[in-house]
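S.K.: For the record, the sequence lines run as chains A and B. With the first letter of the first sequence counted as 1, position 37 gets the number 36 in numbering that gives the first Met the number 0; the numbers rise by one all the way through. With the first letter of the second sequence counted as 1, position 128 gets the number 127 in numbering that gives the first Met the number 0; the numbers rise by one all the way through.
To be clear, the hints were calculated from the coordinates, so they are not data collected in a lab. Worth double-checking, as some hints may not be accurate.
No more than 25 Å apart at the CA atoms, straight line, and that leaves these computed lysine to any residue pairs for SDA-like [to be verified]: (1) A:K37 <-> B:G154; (2) A:K182 <-> B:P236; (3) A:K57 <-> B:G154; (4) A:K37 <-> B:T156; (5) A:K224 <-> B:Y268.
The chain contents come next:
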Amino acid sequence: MKKMISFLTATAVSLGATSAFAANCTNDSWNKVMSRGKIVVGVKADYKPWGFRDESGKLVGMEVDMAMDVASTMGVDLELVAVQSSNRMQFLEQGKIDLMIATMSDRKDRREIVGIVGPNYYTSGTNILAPKALKFNDWKQLKDRPVCGKQGAFYNKIVEERYGAKVVAFGGNAEAKQALRDKKCVAFVYDDSSIMADLASGNWNDFEMPLKTEDDNPWALAVPKAEEKCVFGQFMSGMQYNWHKSGKLVELEKKWGIQATSYLKTQKDRYSDWIK
Amino acid sequence: MKSKHIPGIHQQNQTDLPVLHSFKRRYRSPSEIGFSEWLAGLPAWVPFLVLLAAAAWPMTALAQGSNYTTGQAFEALLRWIPFLVGSGFFLTIVISFLTMLVGTVLGVFLGLGQISQNRFIAKFCWLVTQTFRNSPWLVLLFIVMLSFPFEITIGDTIIPIPDWIKAVIGLALPIMANISEIVRGAINSVPTAQWEASESLAFTRFQTLFQIILPQCIKRMIPPWMNWYAILTMATPIVSILGVEEVLNLTRQAIEAEDNHPELLVPFYSFVLVIFFIYCYPIARLTVRLERRFAVKL
């Protein structure tokens, strides 16, 4: 049955894809997953609620749910590997993981390394968490001031180059937030959705998210570079398209208590079927 | 009765003659088990004081408009302890055991190689020992982590090499070099008369080494060997930098899962400190005791 599915998918995709790519496709990863009967997906273990551990140590979260859906659609077992921002692309290149769904921002330089396929499943922008007392209202006010951040976030560099802020990057969010409280930095630069969740928790009453969100950047999952235009890449495009169309992503967003984003709603409308 | 003055009793003992003072040792060679001596010297209640301080600290230092209390933080810690110990610290111990095993086996060969009569072998083993003994551990770890494949395919079978195995290999290199030095030092510390005596009894060099010298060395090697085990165990958290899911890495992930409240930092990291202490402290005490018992009395 598995072979049959892979055969059918392969046929369907090769018919659909332009024949120019057909000659280059070896579909190694796809075939490996199918012959092993197991897909290895790299997810975050330190990015609640996208990928984190429950008290028994099991990986859970929104991206883990997405990975489960991929595995059950392919009809294979799922193995999760915890990845970090610093090693996620490397793991995919090495073949240690077959698929990466790990809160990765879709950047041009990253597209050259791993096979990023659309449509993007989420988006987030950059903003800061800062004490109300400092009364920030412009990004330019961060010039030459220490700003806490998390290691591996692409916007650390942007904030430094564009606004001249001095980013102090920490390994974990808790450390960065503690530094903010200890007044070692004037602000904590991070994803706007995560900051909103913090502010909503009521534990940051003396703080605010004062600036205009910048660099709204879609997130992307990735397959190995060689698979980008082959079976696996096409298949993941289809998965993401259907997640948007069926509203599964909006559902998951609600399930994991993520602040509802207009992006997912717009995408749902955009991809919705014209026959209701 | 004041006529009698006995020098040294009724007055300062004085003499013009040269006097041979008793020998005072000015230089003390650094202890082979310095780390264990330091650790064993700590009173056992020290880390618990740290935990208590952790419990009291945030109440004064923090409390900036946060509803999250220290009580909640400790409650979260209690919920996570089974996983952190059963999964994280367990892996730490597995890594330290395997590293010690690999490091000892390789180190013994390297140490014997250093006293080889073949000059080429001796020089080579000396070079390897010094190279790994004097390299930063983290650099060795990075080299091993990045240069080893994540799986080996032999025919149709795929043998995966998980990160923690690579960590064992990376940590075993400096341990190997240090064990090599312990072996070399222990063999050289056996009086040369032993070698001469066994030669006069027609023992071959090989027989002398394995039947006469090494049995005497083992007692001397045990304390420094255990000392290295304690140092190694304390050093294992550096593998968390490379993504190995030992206790420190999982602690970070637990803090993340508990919503990154800064109040969690001190209780969680203090807990890690305390379990390392609970594990290494008895080892250090035993090391010091064995060292005293095996000490050569001159």
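S.K.: When you check the alpha-carbon spacing of K37 (chain A) and T156 (chain B), does it fall within 25 Å?
M.R.: Measuring from Cα to Cα gives roughly 15 Å; hence the hint holds.
S.K.: With a cut-off of 25 Å on the C-alpha distance, tell me whether K57 (chain A) and G154 (chain B) pass.
M.R.: Between K57 (chain A) and G154 (chain B) the Cα gap is close to 33 Å, so the pair fails against 25 Å, i.e. violated.
S.K.: Holds or violated: K224 (chain A) with Y268 (chain B), Cα cutoff 25 Å?
M.R.: With Cα atoms ~39 Å apart, K224 (chain A) and Y268 (chain B) exceed 25 Å; violated.
S.K.: Does the alpha-carbon distance linking K37 (chain A) and G154 (chain B) stay inside the 25 Å limit?
M.R.: The hint holds at about 19 Å.
S.K.: Regarding the pair K182 (chain A) and P236 (chain B), is the alpha-carbon distance no greater than 25 Å?
M.R.: 28 Å, violated
The structure fails hints 2, 3, 5 (numbered hints given earlier, in ascending order).
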